[in-house]
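**Q** One-letter residues, chain by chain:
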Amino acid sequence: MMYPEPTNIWQSIEYSSLGTGIAESLWAFPMIESVHVMALVTVFGTILVMDLRLLGLASTNVAASKMSSDTLKWTWIGFVLAAITGTLLFVSKASTYMVNPYFLTKMGLLAAAGINMLIFHFVTYKSVNEWDNSSTLPTGAKLAGILSIIFWVVIVFCGRAIGFTLGIYLPEVSF
Amino acid sequence: MMDLFFEITGWLRETFLLDLAFWMMETPISLVMVENFWNVPLAQVVHIISIGSAFGALLMLTLRVHGKASENLPMDVVAKRYVPWVWYGLLGIVISGLLMLTAEPLRNMINAVFWIKMILLLVAVVLTLGFFKSVRAQGAGEVVQAASGTRTTALVLIVLWLLIMLAGRWIAYIPV
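Protein sequence lines correspond, in order, to chains A and B. With our numbering applied, the first sequence covers 43 to 217. With our numbering applied, the second sequence covers 130 to 305.
Chain A with its partners taken away, still in its complex shape (with noise of 0.2 angstroms):
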């Protein structure tokens, strides 16, 4: 199939064998999405055990610093693959993406859980000693647990609106 020249940068990147691979592949889009949706549940699921525990709402007879190396290996490996299914996803339409406001809101999501999950990790899970095993954990620790479990389900609820609006936003093509 031919494209047109390339005007920008994700345009080269839809453009690249590997975008456009995947773009007429009858298969390749489906598959990896599906591996995507397998990822993503894994990492939701995951974090959902451990922001309960932070919340005080389930497993308080699990220590915290218990319950997270329980969960966080799982959570990472999820992670990781979500990210790549993502990033392949992505490179077969990267302009229509690049254009439409749920993606760009889900990006800015991801960073904000990551941000959140990093201040849980390097502040308030400094004293972790302090409050291992209370079922009550410190408020900093429970609204790192809540926060979590907001930003994951509109994580979520964006992923499911960029497949409902790829047609409503399309970039602007030159030809």
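Reference listing, derived: stretches of chain B covered by chain A, where coverage requires no fewer than 3 residues with Cβ under 8 angstroms from a Cβ of chain A:
1. 174-184
2. 200-208
3. 297-305
Since the hints were made in silico from the structure, they are not lab data. Backbone N, C-alpha and C fix where the C-beta goes; we use that ideal spot for every residue, glycine too.
Fit chain B to the given chain A structure using the hints.
**A** Here is chain B on its own, set in the frame of chain A:
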């Protein structure tokens, strides 16, 4: 593989399922679901969140059974924490799934992949019942290792859930 799916879809089209799908499209729930642009995507969000809740809980229980998480706790204690999340997650999956099905009956009722997914789901639910029972029965109040059969069932269930997710996404890509 695709040819087989098309063949099954062609056969499903000849059954009562086609008329049932058309009937479903006229039901009040279906009309409400298609009235607003956001209803179907929102049902899908509930579907994904529910899958995450149930699958995350099943994963944690599987890790316990394999001694890779909460290995310091008795299995019945771990089961008590995660089993309700699998069932409530499944309830959310079924409710949101029924809404999605009613909104777009034609896309599902004569779709081979949809019925493959339903069969896999049924197998998973039956296996889950047995799995939870065997987990609860092993070393109640004591920290013991899970029997090898229980370990295998746990992994089979994880694979089944992943296949159900795979089928779920492919429903959208099989032309009917």
